[in-house]
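Asker: The listed protein sequences derive, respectively, from chains A and B.
Taking my numbering, I'd label the letters of the first sequence as residues 2 to 228.
Taking my numbering, I'd label the letters of the second sequence as residues 2 to 228.
Check before you lean on any hint, since a few could be wrong.
Note: identical chains are not told apart, hence a pair may lie in one copy or across any two.
With a straight-line Cα cutoff of 25 Å, these simulated DMTMM-like cross-link-like pairs (lysine to aspartate or glutamate) come out [unchecked claim]: (1) LYS105 <-> ASP196; (2) LYS105 <-> GLU36; (3) LYS204 <-> GLU192; (4) LYS117 <-> ASP228; (5) LYS105 <-> ASP48; (6) LYS105 <-> GLU191; (7) LYS152 <-> ASP140; (8) LYS105 <-> ASP37; (9) LYS152 <-> ASP212; (10) LYS117 <-> GLU192; (11) LYS152 <-> ASP213; (12) LYS105 <-> ASP10; (13) LYS117 <-> GLU191; (14) LYS117 <-> ASP39; (15) LYS152 <-> GLU111; (16) LYS204 <-> ASP37.
Worth flagging that the hints you see were computed from the coordinates, not collected in a lab.
2 protein chains.
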Amino acid sequence: MASILLVEDETAIREMVAMALERAGYRVRHAESAEDADAAIRLSQPDLILLDWMLPGESGIDFARRLKRERVTREIPVILLTARGEEADRIRGLDAGADDYVPKPFSPRELVARVKAVLRRVQPTAGEAPVEMRGLMLDPVSHRVSGDGRKVEMGPTEFRLLHFFMTHPDRVFNRAQLLDNVWGANVYVEERTVDVHVRRLRKALAPTGHDDLLQTVRGAGYRFSID
Amino acid sequence: MASILLVEDETAIREMVAMALERAGYRVRHAESAEDADAAIRLSQPDLILLDWMLPGESGIDFARRLKRERVTREIPVILLTARGEEADRIRGLDAGADDYVPKPFSPRELVARVKAVLRRVQPTAGEAPVEMRGLMLDPVSHRVSGDGRKVEMGPTEFRLLHFFMTHPDRVFNRAQLLDNVWGANVYVEERTVDVHVRRLRKALAPTGHDDLLQTVRGAGYRFSID
DNA sequence: CGGTACTGTGACAATCCCGTAACGCCCCGG
DNA sequence: CCGGGGCGTTACGGGATTGTCACAGTACCG
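Can you make the complete structure from the sequences, with help from the hints?
Answerer: What follows is the structure, given as structure tokens:
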């Protein structure tokens, strides 16, 4: 299921929203400031960002604008949360690159509905769509992988690893990032374990010759190449 | 390696934890009460604080709350150690501003793993926008360099060096500044080492003719020219 | 036009990092 | 209860990377 980054400094609201989203089946991380959020985005590549307008330090709207400008969130949609209800603010928010705008007070139900709507709009078949690269195909629904038509067998962890790589192509991830994204945020595992699963994944991909897509970047981590 | 402040009044636990952390390569200081810890923090600026819930005098959780409120530890993560295992306590602990929570009894291995996880979550992983100059392009996200479309290969240090130069163009840096910014603050290496890596970087850039962008300023250092 | 301080260059040993194989553990199904 | 598959950890070895040095080359001074 999609993972959502909630950027909100007020604990009460944060917990209410987090609970509602988690009940709806989303994975939720949170940050309390723009700086926190920066780090969290780099670490976990959320599918959607819920952003409070009023934040300590850099304001939500400035942050949204900066994200769009830096193209960090090329494909990550942003929803603004705010107590300000004016038409003018709404426009400012959308201008800044937000994909939607939810005025406080809002009901958890309404928020979840908007999140769903935005995810549906932005990623038509959120997360569950098959991915294909250079003849290597992965289908999350049937949980199958094939290379040039031939079946490819692998374990569950390798499957999740490959899925993550294929949905974030051509980016280097260090071992800690992979652990967070594929194993889960609060799981405590040695970093070298990543190497072993990369190796197992490569071995699984070798028969169809797709193993060279998964590249080592010395001193940095691994990358699923698109070239 | 990171330095850790361990606040724990029971000698047996303290020694076990300290040994485990030191074996994992961390520098460990310890304090036996909140007052001790106050002094130690001001003195040594640890990267992480391990805090026992039950302490003589001010309790660990009060101390954690005070630290966060006084913003002494705005960016120093805190892990609470405690015998109390209730869910309610856990929430109280995280509410007080702790970054993680380890219930006793715990294995040294688990503790070390949690310390690692918190540190890697908190310490920022820099990833940024691509930079381009006169056909030379560097993308920190995919960790790739290309000159006029052709791939350019180099080692990790050369990559960091080039990234630094490209994000600070047309400025002269002496060798000490480059060591600080590219190698890291308190690393001792010979200044002439910079020369060698500049040379290696030039060699890597030579095939596409971009090596002349990296200029020597005699008696001052090096500069990445924009002209 | 020397001389001198500074920089470029190639080689080398130490170290680091990664690929690989092997091991033990846990969970499940038979 | 046993067997097997998946998983995380560890040890080892080889190759890439790194820091240092010695020497060659070069700019700048008087």
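Asker: Give a verdict on every hint.
Answerer: Right, here's what the structure says about each hint:
1. Taking the shortest Cα distances, LYS105 and ASP196 never come within 25 Å of each other, neither inside one copy (46 Å) nor across copies (31 Å).
2. Taking the closest pair of Cα atoms, LYS105 and GLU36 come within 25 Å of each other only inside a single copy of the chain (23 Å); across copies the shortest separation is 33 Å, beyond that limit.
3. In this assembly of identical chains, the alpha carbons of LYS204 and GLU192 lie at most 25 Å apart only when taken from the same copy (19 Å versus 33 Å across copies).
4. Taking the shortest Cα distances, LYS117 and ASP228 never come within 25 Å of each other, neither inside one copy (33 Å) nor across copies (34 Å).
5. With identical chains, the CA atoms of LYS105 and ASP48 are at most 25 Å apart within one copy only, with a shortest distance of 23 Å there and 36 Å across copies.
6. In the homo-oligomer, the alpha carbons of LYS105 and GLU191 lie at most 25 Å apart only across protomers (22 Å), although the nearest pairing inside one protomer, at 43 Å, exceeds that limit.
7. In the homo-oligomer, the alpha carbons of LYS152 and ASP140 lie at most 25 Å apart inside one protomer (12 Å), although the nearest pairing across protomers, at 32 Å, exceeds that limit.
8. Within a single copy, LYS105 and ASP37 get their C-alpha atoms as close as 23 Å, which meets the 25 Å cut-off; across copies the closest is 29 Å, which misses it.
9. Proximity of LYS152 and ASP212 under a CA criterion of 25 Å is satisfied in both settings, with 14 Å inside one chain copy and 20 Å between copies.
10. In this homomeric assembly, LYS117 and GLU192 come within 25 Å of each other (Cα to Cα) only across copies, at 10 Å, whereas the closest approach inside a single copy is 32 Å.
11. For the identical chains of this complex, LYS152 and ASP213 are neighbours both inside a copy (18 Å) and across copies (17 Å), given an alpha-carbon limit of 25 Å.
12. Proximity of LYS105 and ASP10 under a CA criterion of 25 Å is satisfied intra-copy only: 15 Å inside one chain copy versus 30 Å between copies.
13. For a Cα distance limit of 25 Å, the shortest separation of LYS117 from GLU191 across copies, 9 Å, qualifies, whereas the shortest one inside one copy, 30 Å, does not.
14. In the homo-oligomer, the alpha carbons of LYS117 and ASP39 lie at most 25 Å apart both inside one protomer (23 Å) and across protomers (20 Å), since each shortest distance falls under that limit.
15. When the C-alpha separation of LYS152 and GLU111 is checked against a cutoff of 25 Å, the pair qualifies neither within a copy, at 43 Å, nor between copies, at 39 Å.
16. For a Cα distance limit of 25 Å, the shortest separation of LYS204 from ASP37 qualifies neither inside one copy, at 37 Å, nor across copies, at 39 Å.
When the structure is compared with the earlier hints, violations turn up for hints 1, 4, 15 and 16 and for no others.
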